[in-house]
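Undergrad: This is what each chain is made of:
There are 2 protein chains.
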Amino acid sequence: MARVPVAVNSDRLGQAMQASAGEVERMMNLLLPKADDAEAPLLEAMRYSTLGGGKRLRPFLVQQSAALFGVDSRCATRVGAAVEFMHCYSLIHDDLPAMDDSDLRRGKPSCHKQFDEATAILAGDALQSLAFQVLAAPETHSDAMVRCELVSALAKAAGAPGMAGGQMIDLLAETEEFDIGAITRLQRMKTGEIFAFCATAGAIMGRAPAKQVHALHSYAQEFGLAFQIADDLLDLEGDSDLTGKPTGQDTEAGKATFVSILGADRARAQAKLLSEQAVSALDLWGESADLLRDAARFIVQRDG
Amino acid sequence: MARVPVAVNSDRLGQAMQASAGEVERMMNLLLPKADDAEAPLLEAMRYSTLGGGKRLRPFLVQQSAALFGVDSRCATRVGAAVEFMHCYSLIHDDLPAMDDSDLRRGKPSCHKQFDEATAILAGDALQSLAFQVLAAPETHSDAMVRCELVSALAKAAGAPGMAGGQMIDLLAETEEFDIGAITRLQRMKTGEIFAFCATAGAIMGRAPAKQVHALHSYAQEFGLAFQIADDLLDLEGDSDLTGKPTGQDTEAGKATFVSILGADRARAQAKLLSEQAVSALDLWGESADLLRDAARFIVQRDG
Numbered sequence: 082m083a084r085v086p087v088a089v090n091s092d093r094l095g096q097a098m099q100a101s102a103g104e105v106e107r108m109m110n111l112l113l114p115k116a117d118d119a120e121a122p123l124l125e126a127m128r129y130s131t132l133g134g135g136k137r138l139r140p141f142l143v144q145q146s147a148a149l150f151g152v153d154s155r156c157a158t159r160v161g162a163a164v165e166f167m168h169c170y171s172l173i174h175d176d177l178p179a180m181d182d183s184d185l186r187r188g189k190p191s192c193h194k195q196f197d198e199a200t201a202i203l204a205g206d207a208l209q210s211l212a213f214q215v216l217a218a219p220e221t222h223s224d225a226m227v228r229c230e231l232v233s234a235l236a237k238a239a240g241a242p243g244m245a246g247g248q249m250i251d252l253l254a255e256t257e258e259f260d261i262g263a264i265t266r267l268q269r270m271k272t273g274e275i276f277a278f279c280a281t282a283g284a285i286m287g288r289a290p291a292k293q294v295h296a297l298h299s300y301a302q303e304f305g306l307a308f309q310i311a312d313d314l315l316d317l318e319g320d321s322d323l324t325g326k327p328t329g330q331d332t333e334a335g336k337a338t339f340v341s342i343l344g345a346d347r348a349r350a351q352a353k354l355l356s357e358q359a360v361s362a363l364d365l366w367g368e369s370a371d372l373l374r375d376a377a378r379f380i381v382q383r384d385g
Numbered sequence: 082m083a084r085v086p087v088a089v090n091s092d093r094l095g096q097a098m099q100a101s102a103g104e105v106e107r108m109m110n111l112l113l114p115k116a117d118d119a120e121a122p123l124l125e126a127m128r129y130s131t132l133g134g135g136k137r138l139r140p141f142l143v144q145q146s147a148a149l150f151g152v153d154s155r156c157a158t159r160v161g162a163a164v165e166f167m168h169c170y171s172l173i174h175d176d177l178p179a180m181d182d183s184d185l186r187r188g189k190p191s192c193h194k195q196f197d198e199a200t201a202i203l204a205g206d207a208l209q210s211l212a213f214q215v216l217a218a219p220e221t222h223s224d225a226m227v228r229c230e231l232v233s234a235l236a237k238a239a240g241a242p243g244m245a246g247g248q249m250i251d252l253l254a255e256t257e258e259f260d261i262g263a264i265t266r267l268q269r270m271k272t273g274e275i276f277a278f279c280a281t282a283g284a285i286m287g288r289a290p291a292k293q294v295h296a297l298h299s300y301a302q303e304f305g306l307a308f309q310i311a312d313d314l315l316d317l318e319g320d321s322d323l324t325g326k327p328t329g330q331d332t333e334a335g336k337a338t339f340v341s342i343l344g345a346d347r348a349r350a351q352a353k354l355l356s357e358q359a360v361s362a363l364d365l366w367g368e369s370a371d372l373l374r375d376a377a378r379f380i381v382q383r384d385g
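Protein chains in written order, with our numbering: chain A, 82 to 385; chain B, 82 to 385.
Everything labelled a hint here was simulated from the structure, so no lab data went into it. From a predicted model like this one, the values you see are computed outputs, not experimental measurements. Among the hints, erroneous ones may be present.
Which copy is meant is left open, because identical chains are indistinguishable; a pair holds if it fits in one copy or across any two.
Distance condition first, Cα-Cα at most 25 Å in a straight line; then the derived SDA-like pairs of lysine to any residue [unchecked claim]:
id : residue 1 : residue 2
1  : K237      : M226
2  : K115      : P190
3  : K237      : E220
4  : K353      : R378
5  : K292      : A348
6  : K115      : D260
7  : K189      : D153
8  : K115      : M180
9  : K353      : L315
10 : K237      : A225
11 : K237      : D224
12 : K115      : G262
13 : K189      : T265
14 : K353      : H298
15 : K194      : A334
16 : K292      : P219
17 : K292      : A218
18 : K237      : L113
19 : K115      : R269
20 : K237      : A121
21 : K194      : M180
22 : K194      : D182
23 : K115      : Q382
24 : K237      : T265
25 : K292      : C156
Please model the entire structure based on the sequences and the hints provided.
TA: As structure tokens, then:
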């Protein structure tokens with residue numbers, strides 16, 4: 082079962098995130114392949130690294146943005162599951178010895194420790210394929226044009242212009258001098274583009290006008306940077322029992338981060354400002370966007 | 082430039098493959114991202130491992146199957162480029178130290194030797210994303226339903242039910258006892274499903290009736306197994322100057338292959354039989370399928 086998000090700024094958000102995480106977990110379980118055949122270790126590794134917890138923050142954003150446009154919640158949950166498969170694949174590959182070399186993830190041994198490196202590489206690869214398979218399936222949306230837009234948007238967010246490109250720069254950040262502009266670009270690519278996909282996926286599914294898509298995109302950009310600064314702060318000051326992964330790794334690696342450049346206090350103030358800007362980006366909507374507002378406030382207060 | 086395929090069984094096939102490879106290379110060059118930004122090493126690695134040669138056999142099958150149904154050749158070339166990105170990503174990841182640990186590919190240092198392991202993992206990941214991005218784009222086909230079918234078919238062919246699952250089993254084949262049935266299933270997954278995608282992609286784009294799709298699927302199944310047996314024979318008997326990769330690796334790894342189970346002579350006879358069965362599967366078509374027939378004969382005679 083999904084862990085209860087801690088230190089949420091309202092019961093409302095906590096309950097909604099828990100309900101969402103449960104739905105997404107059930108959908109992921111349905112969508113993941115099962116077999117007794119020779120490839121069983123691959124399928125076990127895929128399940129190991131995707132099921133059994135996590136805040137499911139990205140699917141939550143998909144579901145909440147979908148709700149703004151009256152999109153069928155089952156369709157939104159499928160898209161949420163797809164983006165979570167993509168996110169989990171990136172965690173598996175990021176944890177590999179050749180990358181961040183991390184032994185712990187969500188409080189458990191990371192995929193290559195539990196299985197082996199080859200299995201972890203393949204599990205990540207197969208999860209990426211699965212994400213696109215889910216998006217392209219007719220069950221995800223009745224309009225094939227919408228499904229193609231989802232595939233296209235997620236492919237860009239995950240590929241060289243997004244997550245993979247950002248991770249490449251992040252690896253270089255251990256050895257090269259990066260200023261605040263370079264770090265901002267890095268983080269927009271590495272985590273921001275996937276958040277932007279999540280926040281706009283509902284608008285794509287609901288065929289919303291451009292103005293609303295842009296508003297959600299702004300929300301996601303500020304949200305993503307605030308999230309990342311909070312993540313850097315957790316790496317510096319957090320408790321690995323709560324984060325479920327080792328802390329202090331950035332400092333140890335001498336990696337340029339928001340916190341190493343701005344210092345902890347200014348970074349904290351910046352995260353709070355970005356969080357409020359994300360909230361303001363939702364002014365087009367009334368109460369229907371309250372959970373998205375809560376989420377933007379939550380991410381800078383979380384301790385895990 | 083693409084290398085000239087050697088030992089083709091007709092000038093017609095050799096010329097057609099060369100023309101196709103040139104078109105695909107130009108399209109891949111157009112589709113691959115370029116940038117001077119911090120992620121440049123990733124983009125260089127993606128280009129290094131995809132451009133500059135190779136027989137481009139998979140795109141050739143896409144183009145030839147598309148030609149059977151009068152599909153626009155530019156659309157077919159885009160789909161061919163997408164499948165070649167997918168194929169090249171799989172080669173990059175297969176060559177990694179944790180997988181087949183191969184230092185040479187297409188006569189050059191493999192991606193992780195030329196760059197490093199982290200860059201190679203990310204280049205493969207980003208190429209997979211790019212393949213789906215290309216398929217989902219409106220330029221690939223005017224009908225979004227067709228584009229979704231292409232995405233869905235390639236995702237299944239590449240993921241756990243196909244290539245990634247097959248590679249998982251292939252790794253286990255070094256330590257476990259496999260009979261001929263298990264090896265056949267492994268190879269159908271590892272290489273056969275991608276060939277099946279290529280041969281049926283034209284039928285999907287041309288909205289062909291089921292009977293013709295099935296015929297092309299049968300062709301691809303026999304083609305894929307014949308190709309793989311020929312590959313195993315090249316690993317045993319081939320010249321690494323011609324194959325562009327080390328030979329003798331399967332035997333060294335004690336890996337179960339068609340050749341280790343059947344012996345070289347029976348394997349050679351089996352490959353020839355499969356090649357002829359692939360040719361027979363095309364009886365629905367007249368001369369328009371001659372290049373597909375030539376290709377099925379070529380793959381069991383090639384020396385690289």
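Undergrad: When Cα atoms must be at most 25 Å apart, do K115 and R269 count as within-copy, between-copy, both, or neither?
TA: Classified as between: cross-chain Cα gap 18 Å, same-chain 35 Å, threshold 25 Å.
Undergrad: Can you give me the call for K194 and A334, within, between, both or neither, at a CA distance of at most 25 Å?
TA: both (21 Å within a copy, 23 Å between copies)
Undergrad: Under a CA distance limit of 25 Å, which applies to K237 and T265: within one copy, between copies, both, or neither?
TA: within (18 Å within a copy, 36 Å between copies)
Undergrad: Can you tell me if K353 and R378 fall within 25 Å by alpha carbon in one copy, between copies, both or neither?
TA: For K353 and R378, the Cα distance is within 25 Å only inside one copy (8 Å; across copies 66 Å).
Undergrad: How would you classify K292 and P219 at a CA-CA limit of 25 Å: within, between, both, or neither?
TA: between (27 Å within a copy, 23 Å between copies)
Undergrad: With identical chains, the pair K237 and A121 could be close in the same copy or across copies; at 25 Å between alpha carbons, which is it: within, between, both, or neither?
TA: between (31 Å within a copy, 17 Å between copies)
Undergrad: Given a CA cutoff of 25 Å, do K353 and L315 count as a within-copy pair, a between-copy pair, both, or neither?
TA: within (15 Å within a copy, 62 Å between copies)
Undergrad: With 25 Å as the alpha-carbon cut-off, assign the pair K292 and C156 to within, between, both or neither.
TA: within (23 Å within a copy, 33 Å between copies)
Undergrad: Go through the copies and call it for K237 and L113: within, between, both or neither, with a Cα cutoff of 25 Å.
TA: both (23 Å within a copy, 12 Å between copies)
Undergrad: Using 25 Å as the alpha-carbon threshold, which applies to K353 and H298: within, between, both, or neither?
TA: within (18 Å within a copy, 57 Å between copies)
Undergrad: Is it within a copy, between copies, both, or neither that the alpha carbon of K194 lies no farther than 25 Å from that of M180?
TA: both (14 Å within a copy, 15 Å between copies)
Undergrad: Are the CA atoms of K115 and M180 at most 25 Å apart within a copy, between copies, both, or neither?
TA: between (29 Å within a copy, 23 Å between copies)
Checked against the numbered hints given earlier, the structure breaks hints 5, 7, 13, 23 and satisfies all the rest.
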